[in-house]
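Enquirer: Chain by chain, the residues:
There are 2 protein chains.
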Amino acid sequence: MRILLVNDDGIYARGLSALVRGLKDLGEIYVAAPDRERSATGHSITVHRPLRVRKVSLSDFGVAASWAVDGTPSDCVKLAVEDLLPNPPEIVLSGINQGPNLGTDVLYSGTVSAAVEGLISGFPAVAVSLASFTDRDFSKAGEFARTLVTILEKSDFPQNFLLNVNVPAGAEPKGVKITRLGNRRYINIFEKRVDPHGRTYYWMAGDLLEMEENQEGTDVGAVKSNYISITPLHLDLTDYPTIDNLNNNGFLENFKTIITGGSKT
Amino acid sequence: MRILLVNDDGIYARGLSALVRGLKDLGEIYVAAPDRERSATGHSITVHRPLRVRKVSLSDFGVAASWAVDGTPSDCVKLAVEDLLPNPPEIVLSGINQGPNLGTDVLYSGTVSAAVEGLISGFPAVAVSLASFTDRDFSKAGEFARTLVTILEKSDFPQNFLLNVNVPAGAEPKGVKITRLGNRRYINIFEKRVDPHGRTYYWMAGDLLEMEENQEGTDVGAVKSNYISITPLHLDLTDYPTIDNLNNNGFLENFKTIITGGSKT
Chain H
307 MRILLVNDDG IYARGLSALV RGLKDLGEIY VAAPDRERSA TGHSITVHRP
357 LRVRKVSLSD FGVAASWAVD GTPSDCVKLA VEDLLPNPPE IVLSGINQGP
407 NLGTDVLYSG TVSAAVEGLI SGFPAVAVSL ASFTDRDFSK AGEFARTLVT
457 ILEKSDFPQN FLLNVNVPAG AEPKGVKITR LGNRRYINIF EKRVDPHGRT
507 YYWMAGDLLE MEENQEGTDV GAVKSNYISI TPLHLDLTDY PTIDNLNNNG
557 FLENFKTIIT GGSKT
Chain C
307 MRILLVNDDG IYARGLSALV RGLKDLGEIY VAAPDRERSA TGHSITVHRP
357 LRVRKVSLSD FGVAASWAVD GTPSDCVKLA VEDLLPNPPE IVLSGINQGP
407 NLGTDVLYSG TVSAAVEGLI SGFPAVAVSL ASFTDRDFSK AGEFARTLVT
457 ILEKSDFPQN FLLNVNVPAG AEPKGVKITR LGNRRYINIF EKRVDPHGRT
507 YYWMAGDLLE MEENQEGTDV GAVKSNYISI TPLHLDLTDY PTIDNLNNNG
557 FLENFKTIIT GGSKT
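These protein sequence lines map, in sequence, to chains H and C.
Start counting the first sequence at 307; every next residue gets the next number (my numbering).
Start counting the second sequence at 307; every next residue gets the next number (my numbering).
Some hints could be false.
If several chains are the same, the list does not tell them apart, and a pair holds so long as it fits within one copy or across any two.
As the list claims (entries may be wrong) - EDC-like cross-link-like pairs, simulated, lysine to aspartate or glutamate; straight-line CA separation at most 20 Å:
id	residue 1	residue 2
1	K460	E559
2	K530	D443
3	K562	E459
4	K330	D443
5	K562	E449
6	K483	E559
7	K483	D542
8	K480	E559
9	K361	D501
10	K498	D376
11	K460	E396
Just so you know, these hints were derived from the structure itself, not from any lab.
Construct the entire structure; sequences and hints are all you get.
Expert: Listed below in C-alpha cells is the structure:
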C-alpha cells in the first residue's frame, strides 16, 4: 500500500510523526509537507512565485521518501502527486493536526484542505485532528488512523471519499460516530492594540461561542461527548434547493431588461 | 443601503473600481480590500501575525470610507464587519475578479472566499468575476452587479444567500442562467525549471483540460455559451448520502474492537 502523508503544522510537527508511527507497517509511507507551520491557510495555492522542494531523510522512522516544500498543504499534495512520488498513492492522509477541525472551521483548515486536494487529485483522503491545542499525546489518534486505513483498505479504498476525523484528547474515547458538520461561531474576533509608535494593529483571536442549539448528530457534539467523529465531506458547494427556488420564483424574469437590450437600471 | 466591497486583486485593481462605479448611486459604499494582489489565497486567514490597516481615500469615486489591509480577502471581511464599518453592511460584494471562478476552482478563489466569509458573518454575499484573464473591460460586469443588487434589495436581501456570478467577456451576453458548479480539471500543473545555481524550482501553472462530459446546466457550460452564470453556493461540505451509506452498511461495526478496548489491529 502506498500512503501519502501531508499536514499543515510543518514537516517536523509531532502530529505528523505520530501518523508515521501509526501507519508505517501498513506499506510505503511518503511524506510531502510544508517546511514550516502553515495552519489557517485554507485552500490557498502558490501561483505567484515558484516552489522549492528539499528532500528530507526520515528513513529512520520507516518513511520511504519525504520532502519539505516551501508552500501550502495543498501545494504539497499537488506537487507530490504530479512530480515527487514514484507512483500514485492509494490514499492521502493529512494531519495529525494540533487542534480540532470542526463545523464551519474546516473551511479555514490547511489540514482539511490538503485532504480536499487529495480528493480533487483523484485519491481517497482522510484528515485527522486531535481536538486539543495543548495535549501533545497524538498516539491514540495515530492508532485510530491505522485502524481506519486498514478498514478502508479492506473495502478497496472507495473512490470520491473524504473523511474528516476528530479525535478527542484526554480520556479513552467512548466510541466512534459518523457525523455531519456542526456550527462553530466566535466572538471578539479581533484584539486591537497600539504599537510603541502609536499605530494600531489587530490580532485575530476570538472566543468560541458555546452554541445553544442542539448539536446532536454533529461533529461538535460527538467530540464534546468524548466520541471520535468521522464526517464524510464532498466538494460540491452548489446550493441545489436555492437553484430550484430561484427557477420556480421567476428570479430570471427580473433580468429581462438586460437580456432584451432594454434600459439598464 | 450599506454595501461592503472586497476583492482579492488588491484595493487598486481595475475590477474593484468598476464595481464601485456600478454600485455607487445605490447607497453608502465601503471598501475593505487587500493592500496587494492576494489571488489563489483560498479561505486563508491571518492568525500568526497582527494585521495592519491603512485608511485610503476613495471619496472622489463616491466611496464613503475605504481601508487597505495587509491580509487576505477573508481577513478584510472579518475586520470590516467587526471593527472598521460604522454599521453592519446589508450586503457584501466581492470582485470584480480578473478571470473566471468556475467549478471546483471556487475552492481556491480569494474572491469567492471573501463572499463566503460575508455569509459566515451573517450577510448576503455575491462574488463577481469577469471570465477573462486579459479583457480589462469590467463595465458590463459592473452594470450587471448593479442590476443584481437592485433586484436583491427589492426582495429585502434574503438571508443565507451566496451567489457566485461569472460574466463572460467580449460580446454582449445572451442572457442569465442559474447554474450548478461544473468540472474544471488541469493537466501539466507544474513546470520544473533549474535556476542559475543548478537547483530545481517548480512553477504552478497548468493547462485547462476541456472536459468531454456534458456541461449542460453548469457554470462552465453557461459561460462557454456566452451567458452570465449565477450559481447559488452554501457552506455545508457534509456529504449526507455517504453518512447514510456508512450507517446502513455497518461501517461502525469495524471499530468495535477499539470501542470495547479489544486488540488494536
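Enquirer: Against this structure, judge whether each hint is valid.
Expert: So, going through the hints one by one against the coordinates:
no.: 1; hint: K460 - E559; in the structure: between (53 Å within a copy, 14 Å between copies)
no.: 2; hint: K530 - D443; in the structure: within (18 Å within a copy, 52 Å between copies)
no.: 3; hint: K562 - E459; in the structure: between (54 Å within a copy, 17 Å between copies)
no.: 4; hint: K330 - D443; in the structure: within (18 Å within a copy, 55 Å between copies)
no.: 5; hint: K562 - E449; in the structure: between (60 Å within a copy, 14 Å between copies)
no.: 6; hint: K483 - E559; in the structure: between (46 Å within a copy, 11 Å between copies)
no.: 7; hint: K483 - D542; in the structure: between (23 Å within a copy, 18 Å between copies)
no.: 8; hint: K480 - E559; in the structure: between (55 Å within a copy, 14 Å between copies)
no.: 9; hint: K361 - D501; in the structure: between (40 Å within a copy, 17 Å between copies)
no.: 10; hint: K498 - D376; in the structure: between (31 Å within a copy, 15 Å between copies)
no.: 11; hint: K460 - E396; in the structure: within (13 Å within a copy, 52 Å between copies)
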